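Trainee: Going down the list, the sequences are from chains A and B. Residue numbering for the first sequence follows full-length UniProt numbering, starting at 1 and increasing by one per position. Residue numbering for the second sequence follows full-length UniProt numbering, starting at 1 and increasing by one per position.
Accuracy of the hints is not assured; some may be wrong.
Listed below are several chain A residues computed to face chain B (Cβ distance under 7 Å; list not exhaustive) [said to hold, decoys possible]: (1) V88; (2) P96; (3) F126; (4) A147; (5) L148; (6) V149; (7) T150; (8) V151; (9) W198.
Keep in mind that the hints were calculated from the coordinates and are not lab data. Every value quoted in this text rests on a predicted model; they were computed, and no experiment measured them. By construction, the Cβ of each residue, glycine as well, lies at the ideal position given by its N, Cα and C atoms.
For reference, the chains in residue letters:
There are 2 protein chains.
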Amino acid sequence: MVASLRLPSLTSLLFPATTRYPAALRRRVLCPRNRPASGFATAPSGTAASPEVHRLRSDQAVTPRSQDFNAWYLDVIASAELADYGPVRGTMVIRPYGYAIWEAIQDYLNVKFKETGHSNMYFPQFIPYSFIEKEASHVEGFSPELALVTVGGGHELEEKLVVRPTSETIVNHMFTQWIHSYRDLPLMINQWANVTRWEMRTKPFIRTLEFLWQEGHTAHATPEEAEKEAKQMIEIYTRFAYEQTSIPVIAGRKSKLETFAGADTTYTIEAMMGDRKALQAGTSHNLGQNFSRAFGTQFQDENGERQHVWQTSWAVSTRFVGGIIMTHGDDTGLMLPPKIAPIQVVIVPIWKKDTEKTEVLSAASSVKEVLQTAGVRVKLDDTTERTAGWKFNFWEMKGVPIRIEIGPRDVSSNCVVVSRRDIPGKAGKVFGISMEPSTLVAYVKEKLDEIQSSLLEKAISFRDSNIVDVNSYEELKAAIASGKWARGPWSASDSDEQRVKEETGATIRCFPFEQTLGSKTCLMTGNPAEEVAIFAKSY
Amino acid sequence: MVASLRLPSLTSLLFPATTRYPAALRRRVLCPRNRPASGFATAPSGTAASPEVHRLRSDQAVTPRSQDFNAWYLDVIASAELADYGPVRGTMVIRPYGYAIWEAIQDYLNVKFKETGHSNMYFPQFIPYSFIEKEASHVEGFSPELALVTVGGGHELEEKLVVRPTSETIVNHMFTQWIHSYRDLPLMINQWANVTRWEMRTKPFIRTLEFLWQEGHTAHATPEEAEKEAKQMIEIYTRFAYEQTSIPVIAGRKSKLETFAGADTTYTIEAMMGDRKALQAGTSHNLGQNFSRAFGTQFQDENGERQHVWQTSWAVSTRFVGGIIMTHGDDTGLMLPPKIAPIQVVIVPIWKKDTEKTEVLSAASSVKEVLQTAGVRVKLDDTTERTAGWKFNFWEMKGVPIRIEIGPRDVSSNCVVVSRRDIPGKAGKVFGISMEPSTLVAYVKEKLDEIQSSLLEKAISFRDSNIVDVNSYEELKAAIASGKWARGPWSASDSDEQRVKEETGATIRCFPFEQTLGSKTCLMTGNPAEEVAIFAKSY
Numbered sequence: 001m002v003a004s005l006r007l008p009s010l011t012s013l014l015f016p017a018t019t020r021y022p023a024a025l026r027r028r029v030l031c032p033r034n035r036p037a038s039g040f041a042t043a044p045s046g047t048a049a050s051p052e053v054h055r056l057r058s059d060q061a062v063t064p065r066s067q068d069f070n071a072w073y074l075d076v077i078a079s080a081e082l083a084d085y086g087p088v089r090g091t092m093v094i095r096p097y098g099y100a101i102w103e104a105i106q107d108y109l110n111v112k113f114k115e116t117g118h119s120n121m122y123f124p125q126f127i128p129y130s131f132i133e134k135e136a137s138h139v140e141g142f143s144p145e146l147a148l149v150t151v152g153g154g155h156e157l158e159e160k161l162v163v164r165p166t167s168e169t170i171v172n173h174m175f176t177q178w179i180h181s182y183r184d185l186p187l188m189i190n191q192w193a194n195v196t197r198w199e200m201r202t203k204p205f206i207r208t209l210e211f212l213w214q215e216g217h218t219a220h221a222t223p224e225e226a227e228k229e230a231k232q233m234i235e236i237y238t239r240f241a242y243e244q245t246s247i248p249v250i251a252g253r254k255s256k257l258e259t260f261a262g263a264d265t266t267y268t269i270e271a272m273m274g275d276r277k278a279l280q281a282g283t284s285h286n287l288g289q290n291f292s293r294a295f296g297t298q299f300q301d302e303n304g305e306r307q308h309v310w311q312t313s314w315a316v317s318t319r320f321v322g323g324i325i326m327t328h329g330d331d332t333g334l335m336l337p338p339k340i341a342p343i344q345v346v347i348v349p350i351w352k353k354d355t356e357k358t359e360v361l362s363a364a365s366s367v368k369e370v371l372q373t374a375g376v377r378v379k380l381d382d383t384t385e386r387t388a389g390w391k392f393n394f395w396e397m398k399g400v401p402i403r404i405e406i407g408p409r410d411v412s413s414n415c416v417v418v419s420r421r422d423i424p425g426k427a428g429k430v431f432g433i434s435m436e437p438s439t440l441v442a443y444v445k446e447k448l449d450e451i452q453s454s455l456l457e458k459a460i461s462f463r464d465s466n467i468v469d470v471n472s473y474e475e476l477k478a479a480i481a482s483g484k485w486a487r488g489p490w491s492a493s494d495s496d497e498q499r500v501k502e503e504t505g506a507t508i509r510c511f512p513f514e515q516t517l518g519s520k521t522c523l524m525t526g527n528p529a530e531e532v533a534i535f536a537k538s539y
Numbered sequence: 001m002v003a004s005l006r007l008p009s010l011t012s013l014l015f016p017a018t019t020r021y022p023a024a025l026r027r028r029v030l031c032p033r034n035r036p037a038s039g040f041a042t043a044p045s046g047t048a049a050s051p052e053v054h055r056l057r058s059d060q061a062v063t064p065r066s067q068d069f070n071a072w073y074l075d076v077i078a079s080a081e082l083a084d085y086g087p088v089r090g091t092m093v094i095r096p097y098g099y100a101i102w103e104a105i106q107d108y109l110n111v112k113f114k115e116t117g118h119s120n121m122y123f124p125q126f127i128p129y130s131f132i133e134k135e136a137s138h139v140e141g142f143s144p145e146l147a148l149v150t151v152g153g154g155h156e157l158e159e160k161l162v163v164r165p166t167s168e169t170i171v172n173h174m175f176t177q178w179i180h181s182y183r184d185l186p187l188m189i190n191q192w193a194n195v196t197r198w199e200m201r202t203k204p205f206i207r208t209l210e211f212l213w214q215e216g217h218t219a220h221a222t223p224e225e226a227e228k229e230a231k232q233m234i235e236i237y238t239r240f241a242y243e244q245t246s247i248p249v250i251a252g253r254k255s256k257l258e259t260f261a262g263a264d265t266t267y268t269i270e271a272m273m274g275d276r277k278a279l280q281a282g283t284s285h286n287l288g289q290n291f292s293r294a295f296g297t298q299f300q301d302e303n304g305e306r307q308h309v310w311q312t313s314w315a316v317s318t319r320f321v322g323g324i325i326m327t328h329g330d331d332t333g334l335m336l337p338p339k340i341a342p343i344q345v346v347i348v349p350i351w352k353k354d355t356e357k358t359e360v361l362s363a364a365s366s367v368k369e370v371l372q373t374a375g376v377r378v379k380l381d382d383t384t385e386r387t388a389g390w391k392f393n394f395w396e397m398k399g400v401p402i403r404i405e406i407g408p409r410d411v412s413s414n415c416v417v418v419s420r421r422d423i424p425g426k427a428g429k430v431f432g433i434s435m436e437p438s439t440l441v442a443y444v445k446e447k448l449d450e451i452q453s454s455l456l457e458k459a460i461s462f463r464d465s466n467i468v469d470v471n472s473y474e475e476l477k478a479a480i481a482s483g484k485w486a487r488g489p490w491s492a493s494d495s496d497e498q499r500v501k502e503e504t505g506a507t508i509r510c511f512p513f514e515q516t517l518g519s520k521t522c523l524m525t526g527n528p529a530e531e532v533a534i535f536a537k538s539y
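The task is simple: from the sequences and hints, build the whole structure.
Mentor: Right under this line is the structure:
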């Protein structure tokens with residue numbers, strides 16, 4: 001259903017009239033490789049790219065991931081045209097191919113939110129400064145990151161305005177006007193919005209001064225209901241990560257030190273990137289009564305008593321796009337899970353003589369038509385500007401899951417060649433797939449499912465081979481030093497946790513929901529511990 | 001397709017668990033009518049509402065439109081829970097029922113934009129102040145309305161940042177990096193975003209400090225293409241207005257004085273509200289080379305020459321929701337065209353004895369199921385908190401196009417009663433419609449179509465009976481003084497146009513595309529005129 005809504009866009013959207021290759025790529029054919037003059041604090045360092053004029057080949061298109069993960073990441077974003085740097089330091093322009101991935105995320109989550117009883121709405125982004133100060137730990141957490149509007153319509157404002165970094169305060173201000181009795185509860189809303197946090201170290205998608213997200217906000221009559229809601233939403237995020245993006249996140253609870261400013265409990269999904277750093281990919285907070293007490297958000301219960309509501313908030317942002325890039329990409333470039341890929345199948349027609357061109361293009365068009373009608377997001381690259389080989393490399397770099405090749409011999413045998421992006425070279429190439437519509441559609445759909453699962457399995461085995469179970473601080477340090485995640489029993493103090501961070505650079509990512517049974521001994525203190533925690537360096 | 005995507009939300013979305021009536025309405029049952037302490041400059045004046053405790057009846061729910069249009073408008077927005085006032089003066093919270101109308105607008109336009117080759121993307125909202133100053137008439141038009149960020153992360157910024165009032169400047173800054181050759185053109189993008197304009201006189205939906213919109217931006221190789229695009233987009237808006245919202249807008253060209261700051265030509269759709277004031281409901285600008293010259297947005301043409309691109313921009317905003325309210329609403333409240341109504345059909349079950357309850361509710365549930373499966377957005381109001389009569393009034397006030405009543409006698413005869421929102425009282429009520437699924441679905445769909453057309457016809461005849469053809473300034477003044485629109489030949493000067501505005505309060509809304517043939521004489525100067533213009537007071 002979601003796919004069908006997005007379908008009309010898929011040929012017209014990304015390359016409206018004809019395939020137009022990114023100017024950046026075309027420039028590279030003639031010019032020395034150039035990176036954007038970066039407004040980002042963590043600008044890419046120079047790479048070993050040749051300064052001479054060189055012809056673009058896909059293996060030159062992006063710095064190999066194995067060589068320099070950060071340079072690779074920035075190259076992929078530029079070459080695949082996912083995003084560009086905005087004129088203000090730390091801001092990002094999300095380009096059509098990157099935005100289409102965000103739209104796929106939106107389409108899925110939006111349906112899930114509505115199915116679970118949430119309504120979309122919209123709150124103003126300007127928040128009176130005094131609101132931020134009302135909840136003590138909230139102001140402490142957010143005040144260093146605020147952007148302030150001080151002038152409006154040519155006049156200095158009496159009260160400066162905060163450009164929303166998150167909306168708990170303004171949401172509570174409104175909730176006090178809408179919630180009066182237990183009959184008004186639960187109140188469950190969501191908004192898709194931009195937010196601003198004045199970050200010092202920025203990186204496209206991962207941490208930008210302005211980003212896009214959804215933020216859910218709910219109010220409940222009991223703490224049990226709020227807890228159930230917070231858990232439900234992290235569960236929705238977890239399923240989304242696994243099933244749609246093939247990212248095997250680990251869901252769990254944040255330590256007190258890492259809990260959201262203003263929450264009682266923060267649940268998180270943590271993903272392992274290709275460089276084995278952790279990415280917090282989504283969070284769900286049980287806010288308890290912290291904001292309702294600060295703002296006086298009360299209701300009359302069934303016995304006529306005034307009570308403060310119990311609340312949650314939860315969010316996923318454009319950061320997730322960065323997580324997808326850094327989980328699945330390889331030396332060649334992007335690798336997109338089929339379910340969120342803007343283009344699932346690219347068709348590359350191949351001909352040498354003009355006499356072959358007509359029949360090849362005609363066959364390619366009908367294959368496109370067949371797949372499109374079956375709900376597959378398909379792109380026919382029929383431009384004459386580039387060779388077939390160049391196109392292979394280009395669409396591999398763009399991470400398209402399946403490529404279909406059609407040449408004159410395929411036309412005469414009524415067959416096509418199908419290549420998988422996730423299996424390089426000949427191993428991923430199957431010849432002689434029939435063009436007969438039902439056969440072809442079934443084959444392609446099966447392969448898309450296989451790729452989706454295969455990416456997940458690969459990511460799971462990468463994750464699991466990079467988590468080390470540790471039972472002492474020495475073991476923890478060794479694991480972190482080797483670039484891995486450390487998992488071990490933990491019941492030590494906040495200051496011990498702080499010490500680990502200072503000495504190793506790793507933080508507690510979460511106490512995972514999945515715990516082993518049996519008695520445990522804290523790796524730091526030797527005291528009894530109820531849970532294992534996962535430590536890792538993170539973005 | 002659009003409807004099917006939005007379907008999952010429609011029972012869960014607006015009233016997740018059970019029907020919960022707005023707190024504001026419930027309060028009114030016990031309290032004297034109260035209006036929100038308005039942060040809006042055009043706050044409603046007091047009305048004749050009784051200060052005593054009174055029981056809500058629908059005719060008391062909102063100030064009758066015929067009595068006080070402005071008070072009615074604000075009452076409808078509050079009672080139907082479309083929006084609320086934000087804490088910062090002139091800002092608005094869009095509540096779920098209002099936001100669902102905006103989502104319907106988005107769903108339709110988003111598909112049309114993609115079908116016509118536009119891609120969605122996202123630009124940062126913070127624009128360096130220096131950008132705004134680059135295009136002379138643009139800075140003149142927008143500088144009085146800017147909100148400025150001067151502090152970020154606790155530090156005074158070196159260059160103050162504009163919170164985007166519109167994005168032509170930042171779009172051109174980026175276009176210069178993406179456009180190099182004629183092969184990069186046309187470049188056609190759109191973004192859904194919030195924008196900020198520091199307006200002094202605000203009104204919910206119509207003019208707010210922050211609002212939501214889509215803004216399309218395109219670049220072309222020739223002026224002809226840009227002109228064609230600008231016209232195409234105003235045509236898409238026009239069809240949208242007529243076919244989806246039943247608003248018979250008049251499309252045309254703005255006068256030079258009313259042209260967008262930075263455009264060569266502005267096309268507009270102008271709608272007549274219920275108080276006969278005009279509402280500019282969407283605009284499409286041919287920007288010529290104004291921004292490309294200011295920003296140096298150039299391409300190499302097929303002959304190798306450097307040329308500035310030709311551009312357009314076009315937008316529709318949440319203001320359209322205000323236009324829908326003010327076009328179709330009546331004394332009773334909101335009246336929504338079926339195609340954009342969040343709820344198209346409400347089912348009200350009626351019973352007296354407990355023995356009747358089960359069978360009535362069971363019949364009501366299956367009717368709901370049948371309609372939902374057929375793609376109708378349907379709500380079953382099965383709460384016991386209110387009487388059926390109260391529910392009738394409530395859902396009429398909310399503007400739901402069709403009400404289905406089911407009582408014990410209907411159950412035994414396997415029939416339902418269908419009432420149309422747009423035909424008050426008995427005249428709009430039809431008894432004995434069979435519950436047999438295919439019959440019922442066909443009947444309901446036919447009625448929804450009829451209502452959609454009927455609202456349009458009513459609005460057309462209202463519009464046409466309130467436009468006066470004038471041939472002299474005296475006639476123009478008389479028409480405007482009587483509250484109508486004046487249409488007459490015009491070829492006078494900008495200062496004459498300014499004089500009309502000062503003396504009558506009316507502006508040229510547009511030179512409509514539909515012109516009568518034959519020679520014309522300017523109503524002001526007696527000189528030959530090529531076109532008629534439409535004058536009206538406006539929002």
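Trainee: Could you tell me which of the numbered hints above are not met by this structure, giving the numbers in increasing order?
Mentor: none
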